[in-house]
Structure formats: C-alpha cells, structure tokens
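Colleague: Listed here are the chains, written in short residue letters.
4 protein chains.
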Amino acid sequence: SKFAYVRNFELPDPLLPGTFMILRIDGHAFHRLSEEHNFAKPNDERALQLMDHAARDVMTEFKDIVLAFGESDEYSFLFRKSSTLYNRREAKILTTVTSLFTSSYVFNWSKYLSDTPLKYCPSFDGRIVLYPSTTVVRDYFSWRQADTHINNLYNTLFWALVLKGGQTTTQAHAVLRGTVSSQKHEMLFSRFGINYNELAARFRKGSVLVREEVSTETEGVDGLEATPLPVSEEVSEVVSSGAPRKASKKKVRVRTTIELCHCDIIGDEFWNARPNILAD
Amino acid sequence: SKFAYVRNFELPDPLLPGTFMILRIDGHAFHRLSEEHNFAKPNDERALQLMDHAARDVMTEFKDIVLAFGESDEYSFLFRKSSTLYNRREAKILTTVTSLFTSSYVFNWSKYLSDTPLKYCPSFDGRIVLYPSTTVVRDYFSWRQADTHINNLYNTLFWALVLKGGQTTTQAHAVLRGTVSSQKHEMLFSRFGINYNELAARFRKGSVLVREEVSTETEGVDGLEATPLPVSEEVSEVVSSGAPRKASKKKVRVRTTIELCHCDIIGDEFWNARPNILAD
Amino acid sequence: SKFAYVRNFELPDPLLPGTFMILRIDGHAFHRLSEEHNFAKPNDERALQLMDHAARDVMTEFKDIVLAFGESDEYSFLFRKSSTLYNRREAKILTTVTSLFTSSYVFNWSKYLSDTPLKYCPSFDGRIVLYPSTTVVRDYFSWRQADTHINNLYNTLFWALVLKGGQTTTQAHAVLRGTVSSQKHEMLFSRFGINYNELAARFRKGSVLVREEVSTETEGVDGLEATPLPVSEEVSEVVSSGAPRKASKKKVRVRTTIELCHCDIIGDEFWNARPNILAD
Amino acid sequence: SKFAYVRNFELPDPLLPGTFMILRIDGHAFHRLSEEHNFAKPNDERALQLMDHAARDVMTEFKDIVLAFGESDEYSFLFRKSSTLYNRREAKILTTVTSLFTSSYVFNWSKYLSDTPLKYCPSFDGRIVLYPSTTVVRDYFSWRQADTHINNLYNTLFWALVLKGGQTTTQAHAVLRGTVSSQKHEMLFSRFGINYNELAARFRKGSVLVREEVSTETEGVDGLEATPLPVSEEVSEVVSSGAPRKASKKKVRVRTTIELCHCDIIGDEFWNARPNILAD
Ligand SMILES: Nc1nc2c(ncn2[C@H]2C[C@H](O)[C@@H](COP(=O)(O)OP(=O)(O)OP(=O)(O)O)O2)c(=O)[nH]1
Ligand SMILES: Nc1nc2c(ncn2[C@H]2C[C@H](O)[C@@H](COP(=O)(O)OP(=O)(O)OP(=O)(O)O)O2)c(=O)[nH]1
Ligand SMILES: Nc1nc2c(ncn2[C@H]2C[C@H](O)[C@@H](COP(=O)(O)OP(=O)(O)OP(=O)(O)O)O2)c(=O)[nH]1
Ligand SMILES: Nc1nc2c(ncn2[C@H]2C[C@H](O)[C@@H](COP(=O)(O)OP(=O)(O)OP(=O)(O)O)O2)c(=O)[nH]1
Ligand SMILES: O=P(O)(O)OP(=O)(O)OP(=O)(O)O
Ligand SMILES: O=P(O)(O)OP(=O)(O)OP(=O)(O)O
Ligand SMILES: O=P(O)(O)OP(=O)(O)OP(=O)(O)O
Ligand SMILES: O=P(O)(O)OP(=O)(O)OP(=O)(O)O
Ligand SMILES: [Mg+2]
Ligand SMILES: [Mg+2]
Ligand SMILES: [Mg+2]
Ligand SMILES: [Mg+2]
Ligand SMILES: [Mg+2]
Ligand SMILES: [Mg+2]
Ligand SMILES: [Mg+2]
Ligand SMILES: [Mg+2]
Ligand SMILES: [Mg+2]
Ligand SMILES: [Mg+2]
Ligand SMILES: [Mg+2]
Ligand SMILES: [Mg+2]
Chain A
536 SKFAYVRNFE LPDPLLPGTF MILRIDGHAF HRLSEEHNFA KPNDERALQL
586 MDHAARDVMT EFKDIVLAFG ESDEYSFLFR KSSTLYNRRE AKILTTVTSL
636 FTSSYVFNWS KYLSDTPLKY CPSFDGRIVL YPSTTVVRDY FSWRQADTHI
686 NNLYNTLFWA LVLKGGQTTT QAHAVLRGTV SSQKHEMLFS RFGINYNELA
736 ARFRKGSVLV REEVSTETEG VDGLEATPLP VSEEVSEVVS SGAPRKASKK
786 KVRVRTTIEL CHCDIIGDEF WNARPNILAD
Chain S
536 SKFAYVRNFE LPDPLLPGTF MILRIDGHAF HRLSEEHNFA KPNDERALQL
586 MDHAARDVMT EFKDIVLAFG ESDEYSFLFR KSSTLYNRRE AKILTTVTSL
636 FTSSYVFNWS KYLSDTPLKY CPSFDGRIVL YPSTTVVRDY FSWRQADTHI
686 NNLYNTLFWA LVLKGGQTTT QAHAVLRGTV SSQKHEMLFS RFGINYNELA
736 ARFRKGSVLV REEVSTETEG VDGLEATPLP VSEEVSEVVS SGAPRKASKK
786 KVRVRTTIEL CHCDIIGDEF WNARPNILAD
Chain Z
536 SKFAYVRNFE LPDPLLPGTF MILRIDGHAF HRLSEEHNFA KPNDERALQL
586 MDHAARDVMT EFKDIVLAFG ESDEYSFLFR KSSTLYNRRE AKILTTVTSL
636 FTSSYVFNWS KYLSDTPLKY CPSFDGRIVL YPSTTVVRDY FSWRQADTHI
686 NNLYNTLFWA LVLKGGQTTT QAHAVLRGTV SSQKHEMLFS RFGINYNELA
736 ARFRKGSVLV REEVSTETEG VDGLEATPLP VSEEVSEVVS SGAPRKASKK
786 KVRVRTTIEL CHCDIIGDEF WNARPNILAD
Chain V
536 SKFAYVRNFE LPDPLLPGTF MILRIDGHAF HRLSEEHNFA KPNDERALQL
586 MDHAARDVMT EFKDIVLAFG ESDEYSFLFR KSSTLYNRRE AKILTTVTSL
636 FTSSYVFNWS KYLSDTPLKY CPSFDGRIVL YPSTTVVRDY FSWRQADTHI
686 NNLYNTLFWA LVLKGGQTTT QAHAVLRGTV SSQKHEMLFS RFGINYNELA
736 ARFRKGSVLV REEVSTETEG VDGLEATPLP VSEEVSEVVS SGAPRKASKK
786 KVRVRTTIEL CHCDIIGDEF WNARPNILAD
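The listed protein sequences derive, respectively, from chains A, S, Z and V.
If you're matching positions, the first sequence starts at 536 in the numbering used here and goes up one per residue.
If you're matching positions, the second sequence starts at 536 in the numbering used here and goes up one per residue.
If you're matching positions, the third sequence starts at 536 in the numbering used here and goes up one per residue.
If you're matching positions, the fourth sequence starts at 536 in the numbering used here and goes up one per residue.
Excised from the complex, chain A in its bound form:
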C-alpha cells in the first residue's frame, strides 16, 4: 500500500561479527514477585529449578547457545562466536530469546510451584553485550559466579539472623555491615551451626547449563543408534565454523545434550575440559 514507506524507518541493527554475544535476562521486580509467592528465603529451590527449566528450553531452541549461567532471577546465555542467528540482528535475537524464556517460565510455573498459583504476570528484561575475546568472556562468567557467592553468603546469614535469630531486618543489616567473608562464615557456624560450604552447590555456585557433544564412538557402536538420553537429549545442527579460509562447508549433524551442573566456572578446569565452548 501507499503507506508501506513507513518500513523505511526500521533501521538495521547487526551485531559485530566475530564477537561473543552474551544475552542476560533478569526478572522484573522479582523482589515483589518472590514476596507475593512466598519464595523460600534466601533461596527457593523450586523457583531456581523453574529458571533452569526455562533456560534449558531456550538452549533447546537456540542451538548457537553453548553455555548458560543462572542465579537468583537472572540467566546469562553465551552464543558461540561465529553464530549467525537471525543474521546477528540485535533486536530479533534479544526479543525472541527473552520472550521464549518468559513463556517457559509462565508455562512451567505450576510444575515447580504447584501449591502456589501464579498471581500475576512475571516478566524479564534482557540485554545483549558483546565480548570480543575469550578472556573477557571468562571474566564475565567469573563476575556472575563471584556475585552469586557474595550475595548468597550475605543472604544466608541475613536470613538466618532474621528467621532463626529473631532479629529485625534492620538489625540484621546492621550486624552485617562491614563484615568480611571470613567473619560471615564464622558467624554462620558459631551462631547457627551452618557450615557454609555444606550448603547446596546450587545456592553457592548457581546453575551452569552446558551444551555437550555426545561422543560419536557411543553412537557408532554396533551400528546401533545411541541409546536415547534422558530429557536433555536432542539433535542439533552444527554448521562448520564459517571461517573464511575453510574450503568445504558441509553440515555435520552432531548429537548434543544440555547438561546442568552447579560447578565452579571461575577456575580453568571447567573450560579446559570443554574447549568447544570458546572455540569458534
């Protein structure tokens, strides 16, 4: 129609190639949401599992996401460097992922919080940040996991003081002010008998979802199809890297699974064992 010229106001928004995209979503006003739905304090395992579920759904849909990290009301998704998802159009990637995460969160709420009906619509913000090197990508995830630790140590002690120690929240804040990490560990143990390091790894380390390739040996044995893996199994298409000097570009089907763990991702071990994550 004669009005179609208004499309010309839509401007291109491609993200720089050859750069890692990290998309982070964060719950909108989850302070209130967690109160209204009586989330356990400081960590509600069911709510965290629901976040993991939504993140897994996102990774199942978007094969270019190779790693995700979640804590509290947030999740970060790392795309492989050479991703050409939606031609790297920023708004398209950003909204589609944020929308799917939200959808899954609402869709699956009742599976995890079965006795707590959802009272109103939860929502999430999202952003994409570009990281040009493997070093900054590693530092990004270290940043988030260090944050998990700091917050959890604080919150665990805070809520112990309030819920078990009978203090007001104002008092608890005052007690905590200025304390360093070792003092918090000490207070947790001496006052409440809590050995911080024995708390659930999920609370201390957050959630790590990593796309793992299923070894082809397993697949090839006796000409049999690999035994179906539980839940997380899937088949993804990994396009060979698209590097400009490669002669052939044939698609290789690789069977991948999405594995959940609550492990350290600050040290080298995790990354050395999974060179693919930062590879291309």
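Hints listed in this document are in silico derivations from the structure and should not be mistaken for laboratory results.
One should not assume that every hint holds.
No distinction is drawn between identical chains; accordingly, a pair holds when it is met within one copy or between any pair of copies.
The list that follows gives simulated cross-link-like pairs (lysine-lysine, DSBU-like), each with its CA atoms no further than 35 Å apart [claimed, not checked]:
1. Lys699 to Lys576
2. Lys598 to Lys646
3. Lys576 to Lys537
4. Lys576 to Lys646
5. Lys598 to Lys537
6. Lys719 to Lys537
7. Lys719 to Lys576
8. Lys699 to Lys654
9. Lys537 to Lys699
10. Lys699 to Lys719
11. Lys537 to Lys627
12. Lys699 to Lys646
13. Lys654 to Lys576
Since the structure of chain A is already known, use the hints to place chains S, Z and V with the ligands on it.
Modeller: Using the frame of chain A, we list chains S, Z and V with the ligands on its own:
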C-alpha cells in the same frame, strides 16, 4: 570484584528524544502455533481476544503507551512522544514490554482457549521503530490497518473456497491470483453469500486499544469519587509534558481507561476526536 | 581475494529518515591556534571570514544543506529534512563534510590572513545530531546564537579590561564574575565608551548562510539567462521532496544562491520569510 | 539558556572496548583530482609521498595509532586495542583524524607537487571499523595489500598499453579482460620489457608506517640523551595497558619513531618482528 570491569562492555542505547516510539511484537512461527492448536480459519476470535488481553495488560503497566493496534499474531504500541520510560533505553523498553506481552499471553491462554491446552511455549519477537512526526505515525497505523483489510479479504475468500468450496489450497491460491479487491468481494458474495462488510469488525478492522482520559467533570460531581468503571479502569500518572519551557512540573493524576474498539483509524475522525494521542 | 570477508565487519549506519540532520564542526584546540597566529581579540574578522568561506564551499558542494550558522571556531549545517545524501549514511556524510570544511579552511587561509603564514595543520571535529521537529531545529539555532551573544558580550568586556584597561586576565575575570548582562553593557559604555549594540553585527549575531532560490520571473524575462550573480551564484538540483504520496518525481532545476547575513535567527521573522528552510 | 535542552539530542556513541579500531580514509573523487592535477599514471610518486606525509602527521598527533597502511588515495590506521582516545567516542575520533589528514594533505601539497598548484579543495571520507581479533586485523591489512598488488599490476599494464602501446583505453581494457596474474606479468615483460618485480616497492606494496619503540639501551648509555633522530623522532606517552588486573598504572615515557617502509605485511615476518602492534 576484580571481574566487574566487564560491565564496561555494556554500551548505552538511548533512543532519540522528541520522537514517537512504536513497538511492534509479532508471534514467532504462529503459522505452526495456530495449526497445532486448531485456531479457527481464517480468524479465531478467541485467539484474537487473548492477544487483546495481553496488549491491555501491557498498556495497564506502561502508562506511556497511548494507543495500540492488533491484528493476526501482531500488536503495535505507540508511546507518547515525550516518554522518558527507562530513560528511553532501547533494550530495556523493548524487552520488558515484549516479555510482559508474552507472559500475559501464556498466563491467560486458558481463559480464552479453555478446551485447547497449550502444547508448547509461544513466543514473540519485538522491535522498536522511531517515527519523527505525527504524519508518519498516522501512516504507520494506516499501513497496519490496510494490511489487516487486505489479508482478511484474501484469507476469508481463500478459506471459503477451501472449507466451503471444497477446493484444495493450491486451487484456491490459483483462483485468487491476480484478482483485485472488487472481484474478491464479488466472489465472496456470489459463491458463498458472504457480504464482506457484514463480517465482524474485529476481523475487518483489527483491534484498537486507546487510552482515554475520564472526564474530570464526572469525577468532581458532588465531591464524590467517580463511579468505578468496569475492568479497564485504572489510575495513571501523567507527568506534564516535560517541554523545556514549562516552568512548573507538578504531577497531575488523571484517571484513564483503556478502551477497545474495532474502528477505522485510517481516516481523520478517530484522531480528531482524540487529539491527546499525538499531542506531546 | 580470500581476505575480502573483512568487509563484513563494516556495519550499516543509516540515520533516521524524516528527521533534520544538523552537522556541527568545531575547531580543534583553536585556543592555541588563535594564539599562535595572533588572532585579534576577542574577534578576528579575517579568521571569521575564512570560516564563512569554508562554510560556503561546503554548501556549494552539498545542495541539501539549506542553512548554516557560524561563530567563533564552529559552524552548524542544517540539511533539509528529506535529504537522502549518501543514503543518509552517518559516517560518510559526517566525514565528507568535515573534511571539505577543513580543506577549504587550509586552502583559503592565505586569502584572509595573508600576513600570517599558517604554522601547522588546523583541524576540526564534527558531529551529526538528529532533530525530529521544526521546533527543536529553531531552538537549536537559537541556542547557538544566544551563545554567540553571551560569549561576545563577555569577551568584549574581558578584552577591553585587559587590553584597554590594563588589567591582568585574572583581574578581568574577577571583575566579570557574577555580573549580569545589563551590568556588562553598562561597564562597556561607561569605562570604554563602547556601545555594545553598535559593534559589528558579525560579532554580535554570528554568520548566517542561507540558500535562497532565485525567483524564476527574473530568469524567464525575454528568454534571457538571468544576469549572473556575484560569487555566490550557482545552479543546484532540487529533487522534488520524495514524499511517498507524490505521483511524479521529475527533477526541477532551481537556481539558488547562498546569502550571508548577520541577522537575528531567534525571532520568527527570519524563518517566516524563508518557509523553504524547514519545509520538507 | 532555555535552549540548551537541545544538547539532549546528542546521543553517546562509544565504540566497543577491547576491540581494534581501524580508521580508513579515502580520497573523495580522486579520479577527477588526479586528472585535473596531472598525476603520473598509474602511480604518481609525489602524490603518494604527500599521502604518506599526511599519514605521518596523523600518527604523530595520535599516539594510539600503531600502524598505518596507504595505497592510492586511501590510508588505514590501526589503533592499539586498549586505546581510550576520546573515551572511544566514534564521531570524535573519526572526524578529528579525518580532518587532520585532510589538513595536512592541503597544507603540504606544495612541498610535493610544487609545480602543480592545487586547483580546488581535496577531501576525504573516513570510516571506523571494529575488528575483534588479531587474526581479522592481519586479514584486514592483507586485504588492503593484496588489493594494492592486484590494482597495480592491472594499472601498470593498462597504462603501458595506452601510453607506450598506443592503444585506446577501450582497447586496453579489452586486452586485459579475463587475463590472470601470470599473463599480465608476461605481457608486461614481452611487450614492454618491464619486469614487474623490479618496479618500485612503493607501487607494488604500498606504504607501511609503523610506530617503533627506540631501544632503551641506546637511550641509557652513559646517561646521555639518545641522539636525536631525524624528522620522525618524537616522544610519546604509552599508558600501561589498562588491563583490569594490573595493580599500578604509572605512565611510562617511551621514545618512539614512525618508520616508513614498503614491505610485505601479508606474511608473518613483519608481525613477528613487531609483537607490540597487536599486543594490547
Ligand atoms: N526469597 C527469594 N527471593 C529471591 C529468590 N531469587 C530472587 N529473589 C529476589 C531477591 C531479590 O529481591 C530479587 C532479585 O534482585 P534484582 O536486583 O533482580 O531486583 P528486582 O528483580 O526486584 O528488580 P529489577 O526489576 O531487576 O530491577 O529477587 C529466591 O530464590 N528466594
Ligand atoms: N488459523 C488462524 N491462523 C492465524 C490467526 N492469526 C494468526 N494466524 C497465523 C496465520 C499466519 O500463518 C501467522 C501469522 O503470520 P506471520 O507472518 O506472523 O508468520 P509466522 O508467525 O508463522 O512466522 P514469523 O515467525 O512471524 O516469521 O499466524 C488466526 O486467528 N487463525
Ligand atoms: N582571539 C580569537 N580567538 C578566537 C577567535 N575565534 C575563536 N577563538 C578561540 C577562542 C577559544 O579559545 C577557542 C574556541 O573555543 P573552544 O571551546 O572551541 O575551544 P578549543 O577550540 O580551544 O578546544 P576544543 O578542541 O574545541 O575542545 O577559539 C577569534 O576570532 N579571535
Ligand atoms: N594517475 C593517478 N591516479 C591516481 C593515483 N592514486 C589514485 N589515483 C586515482 C585513481 C582512481 O581513479 C582514484 C582512486 O579510486 P577510488 O575508488 O578511491 O575512486 P574516487 O576517489 O574517484 O571515488 P570515491 O570518491 O572514492 O568513490 O584515484 C595516482 O598515483 N596516479
Ligand atoms: O540489572 P543490572 O545488574 O545490569 O543492573 P541494574 O542496576 O539492575 O540496572 P539496569 O537493569 O537498569 O541496567
Ligand atoms: O515481521 P515483519 O512484518 O517486519 O517482516 P518479516 O518479513 O517477518 O521480517 P522480520 O520479522 O525478519 O523483520
Ligand atoms: O564541543 P561542544 O560544545 O559540544 O562541547 P565540548 O565540551 O567541547 O565537548 P565535546 O566536543 O567533547 O563533545
Ligand atoms: O570505499 P570503499 O572501498 O569502502 O567502497 P566504495 O565502493 O567506495 O563504497 P563507499 O565508499 O560508498 O563505502
Ligand atoms: Mg537490572
Ligand atoms: Mg530482577
Ligand atoms: Mg537480579
Ligand atoms: Mg516478522
Ligand atoms: Mg508471526
Ligand atoms: Mg504476523
Ligand atoms: Mg567540543
Ligand atoms: Mg574548538
Ligand atoms: Mg568552539
Ligand atoms: Mg569509497
Ligand atoms: Mg577515492
Ligand atoms: Mg580509493
């Protein structure tokens, strides 16, 4: 922590001030979603009402949205020109609105499609386009409503040929190829007895959600509170325009409602009756 | 070659259509340049004329510039709203204009400062700012001309105190601190016999370069070519506005000149007399 | 003033940190400029030296530029990865560099083309492209130098056919169409006795300007100042890398020179000998 420097890679993304933002969401792969959930063809009133519900929820939350227009699996939201929502940060506005729409769509699905359980997670993409003048804003909405008309006329005849006329979809496409508007009207009437103009306005015109101010006279009468309005009632804060030359900036509470209609928005009448929409 | 893929890192940078572009250049470190080349204080007419010359060269080359305003070491260029210069690519427009201005400044230096050889390379920064409405465009130019006035009044008195009053610069600053406009006028007159309003308009109002259409009557008379205009004459192509609803798009040759004045552009008179500037 | 709000329309434009910036300038309409000023064909050494001079001036001013490559009417400038010049504001960096290059080109014209007065104002466009890794930076420079070779071989033969072979330009184009590199070499030699590889390296390889650190041993000997170097000598401040984990940030003065060569930059040798270029 020493990793916090990674925040420096987050770049500012403010949208040009003094410009209308239109945020359009569109269902991701709703061709499949509508098939899988047996949406009535060509229009499923329940599915469209669900869209309207989600859009209303968005407008209830974001007071700077003054008008919305929906059709098929899409919705467009117009922000008042002087909006400073989230300091006009593009990703923040875009994702929060898209996420809330998605959330409401899933949350309210069962209210509208009660006998059709949602099989999987629906999602939406979103984009913000800036329009610098009232003329292009009007043309934008004319573009969407003209599109509604064109698609609906085509689809109505197409599905009549298939569902009532016993044609294959291939045959129906062939019949329609090259026909102009008047021929489609004629075929609809002569073959199927359908007077196009008597079809539901919702299908022909799409859905218009407009924020209306409740007249203060009504409110002031006898010192009584205004009689509560049904469902759509709400109280919003409208900050006076923020124009640089205004001396005072006191907030004025204005009672507004969000009204749904299926009216023409291409002609002048709608806009002349609501000068506020494009005012500031 | 196999290396050509690096072009993919060049990202598009189109500027929003339907919006006024204002490109402002500003001399880099002209404090030092003016010192090193003994510019007259507070205003060096030759240096300002050189700026005007460079700005005129820019307007002669870029027909979409309809108005320019200069003061001190800066110049602002207004493009007509519908300009499609270089497909509105930001870097291309920005650098080409800034470069040409610089080139002309150096090229023509000796014409204006004939007894002061240029000692080193002057340079300019540049930026493009988008303005969505005629109101903000007017306010932009008011901002610059008000700035001219404020700075000139201050500088005129400051240098009178120093050069004629024998004060140190520190003393002069101290005297001026906290004074309002009327006090400065008063001091200028009482101490130095200077009636501010009788100073050269160039210094008080800055330089306005405006593209004017030469009336076609003049051109048509007796089938004669219009009498050649002095210096500023030129022939430009004005493409009809490109508005989406126009049926025909034939090019119309319009004879235009670029006129220099030092007039008020804050009030309405200037703009009312030249509706074309803000027209399309 | 009350108009100052228009500054709010100036939006931030920071470039992604941790990424190499390459700024390329290219002569505007140098086809015409070279004709009008009788540049020697296919290469005018004086014109190329003038380009080198302007590029050197740019590098002398902007210490964060570590490498530059020039050919024909273009020059590319590589900034060290950690550069924080103008807080990485895109337009500021882009225009200031492009303007200074232009200024120097005009300023120094007569030194190189002394018998050819500049007829009008030359200008350049400029663009900044971000490259996230050392590999793509290397490929970028390989792309430009390979381009130099391809164009020069073509142009050398083309102009030999025209100027020495008496062909029209149309004929020369026809002869060259479809020929591969080896055929061009062969024709150059058999018809014109030109051994391509014996042509000036400047024409075959382009110009490489590299910032080299002057060894501190030289400087320290006997407590003497290093012997002043010719022309290119300078003292620059190299701020230690700004990497987030560095404890101290003291500035170290390093004496650097800018060296010109016409060497291969496609192979590893150049880069291996200068690890600093891509270092931080
Ligand atoms: N009780 C409880 N609260 C949680 C849990 N996970 C997250 N929250 C709450 C604690 C925080 O108030 C909030 C997350 O902090 P944010 O900084 O994201 O704040 P919030 O979402 O309220 O605001 P925002 O819209 O993100 O600016 O969510 C949980 O497992 N249990
Ligand atoms: N049967 C039926 N289908 C509908 C209705 N509303 C929307 N749809 C379907 C028809 C179209 O196939 C689709 C909307 O077209 P789109 O161009 O948005 O395509 P789709 O969402 O499949 O792909 P996309 O992800 O947006 O590129 O949704 C409805 O009320 N009834
Ligand atoms: N004496 C004299 N100085 C002038 C004249 N026009 C401009 N200037 C000087 C006065 C100011 O110091 C300077 C312009 O101020 P700016 O704010 O642009 O500062 P400057 O160019 O030094 O630094 P910048 O690189 O723009 O941040 O140029 C003139 O006609 N006569
Ligand atoms: N004769 C001669 N011409 C040269 C020399 N260096 C550059 N040129 C001319 C040859 C080309 O026509 C032109 C450079 O090609 P470009 O692709 O940059 O084209 P041009 O600058 O004309 O247009 P542009 O504004 O960059 O799109 O400059 C030289 O040393 N001698
Ligand atoms: O969400 P974050 O952690 O980036 O930080 P914030 O303080 O919530 O800020 P915003 O969400 O507004 O960017
Ligand atoms: O969604 P639209 O109508 O803007 O157009 P499209 O063809 O679906 O394209 P995209 O969603 O990829 O912008
Ligand atoms: O040049 P201006 O007037 O925009 O202001 P500034 O203070 O010089 O700042 P910058 O040139 O760095 O934008
Ligand atoms: O200048 P280049 O080589 O990038 O390529 P072009 O064809 O001249 O295009 P433009 O200068 O318009 O980007
Ligand atoms: Mg936040
Ligand atoms: Mg939150
Ligand atoms: Mg959070
Ligand atoms: Mg679409
Ligand atoms: Mg869709
Ligand atoms: Mg659609
Ligand atoms: Mg400045
Ligand atoms: Mg200046
Ligand atoms: Mg200035
Ligand atoms: Mg070019
Ligand atoms: Mg060129
Ligand atoms: Mg060129």
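Colleague: Now tell me, hint by hint, if it's right for this structure.
Modeller: To see whether the hints hold, each was checked on the structure:
no. : hint             : verdict
1   : Lys699 to Lys576 : within (12 Å within a copy, 59 Å between copies)
2   : Lys598 to Lys646 : both (25 Å within a copy, 33 Å between copies)
3   : Lys576 to Lys537 : between (58 Å within a copy, 28 Å between copies)
4   : Lys576 to Lys646 : both (20 Å within a copy, 32 Å between copies)
5   : Lys598 to Lys537 : between (40 Å within a copy, 28 Å between copies)
6   : Lys719 to Lys537 : between (67 Å within a copy, 20 Å between copies)
7   : Lys719 to Lys576 : within (17 Å within a copy, 63 Å between copies)
8   : Lys699 to Lys654 : within (29 Å within a copy, 43 Å between copies)
9   : Lys537 to Lys699 : between (69 Å within a copy, 33 Å between copies)
10  : Lys699 to Lys719 : within (15 Å within a copy, 71 Å between copies)
11  : Lys537 to Lys627 : both (26 Å within a copy, 30 Å between copies)
12  : Lys699 to Lys646 : within (30 Å within a copy, 42 Å between copies)
13  : Lys654 to Lys576 : both (19 Å within a copy, 33 Å between copies)
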